[in-house]
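There are 2 protein chains.
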Amino acid sequence: MKLSEGVEWSCHACAVLAGLPQGGALSASALAAFHELPPAYMAKHLQALSRAGIVHSVRGVGGGYRLARPANEISLWDVRQAIEGTTPDFRCREIRRNGPCSEFGAPSRPCNVAAAFWAAERSYQQSLESVSIAHIALGVARLYGAKGAARFQAWVQEGS
Amino acid sequence: MKLSEGVEWSCHACAVLAGLPQGGALSASALAAFHELPPAYMAKHLQALSRAGIVHSVRGVGGGYRLARPANEISLWDVRQAIEGTTPDFRCREIRRNGPCSEFGAPSRPCNVAAAFWAAERSYQQSLESVSIAHIALGVARLYGAKGAARFQAWVQEGS
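Sequence lines, in order, name chains A and B.
So the first sequence is residues 5 to 164, counted in this note's numbering.
So the second sequence is residues 5 to 164, counted in this note's numbering.
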């Protein structure tokens, strides 16, 4: 099982948007350029983030994308869901209802295979819910340091 | 992201094998028939379980598959890994090393996006490691009840 690379791209793109000055926005092509990613795919993922209410599209001169709510109110789980969808990874097909023993048992009781996988998914979800885009952006800022931050602000002001 | 249906099939197949009498074995086609699954796909998944050391193939009359170790020593995580592989779901492509700010920062420090996703995967793994095939088989036995258990043993003795 492989998570879409769009999840990684989107987390980093949101962290970039979190670093913009008040009222700033970046186009899909600028967000793609910042990490040297294919613009068309980046645009597709930004549309998914927009549909999920994570980013907001601003029209006109200086338009583009900005975060739709504060970076500390967007979790990595929100981003993952926007890109990967909201259905559980484990789909129970109730195969226990088939075959020679299918007439026995109480079908209303949930399958314990499905229950175990969904419990594991809840643990995974809770872990990602505890990490915000603000936390990611802070980590990136620390990584880049003061010189990197200055270069980033210059890049934004140069029109990206 | 969708987990292969082979994970569900394999968990249930292992639970069936856990219910066999001492020394018993079931063919791939019998294991497929028990849940009305396509025999060729079931056989493929059983080969993966065999490569992972979860089931053991027995040749000759009365041959087939049996569990390679006690059911309480096989976790749902073991089964999931056998079918889905052992690489993490999240693949970090280090896109933070690209673009206008790539010259800044300490590349040796792990990316905090990747760190967060891998931490979530560890939570998921720990959750599945805590559930054994013995637990699943016990749940199935409880679901079927005494009449279902008798039907199962009869089905096995009839040559499946």
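Hints are supplied without guarantee of correctness; some may be wrong.
One copy or two, either will do: identical chains are not told apart, so a pair holds if it fits within one copy or between any two.
For lysine to aspartate or glutamate, the following EDC-like pairs were computed, each having C-alpha atoms within a straight-line distance of at most 16 Å [stated by the list, open to error]:
#1 Lys6 to Glu125
#2 Lys48 to Glu133
#3 Lys6 to Glu162
#4 Lys151 to Glu98
#5 Lys151 to Glu107
If you are wondering where the hints come from, they were derived from the structure by calculation, not from laboratory data.
Being a predicted model, the structure only gives us computed values, none of them experimental.
Here is what the structure says about each hint:
| no. | hint | in the structure |
| --- | --- | --- |
| 1 | Lys6 to Glu125 | both (15 Å within a copy, 12 Å between copies) |
| 2 | Lys48 to Glu133 | neither (24 Å within a copy, 36 Å between copies) |
| 3 | Lys6 to Glu162 | neither (37 Å within a copy, 42 Å between copies) |
| 4 | Lys151 to Glu98 | neither (57 Å within a copy, 20 Å between copies) |
| 5 | Lys151 to Glu107 | between (70 Å within a copy, 10 Å between copies) |
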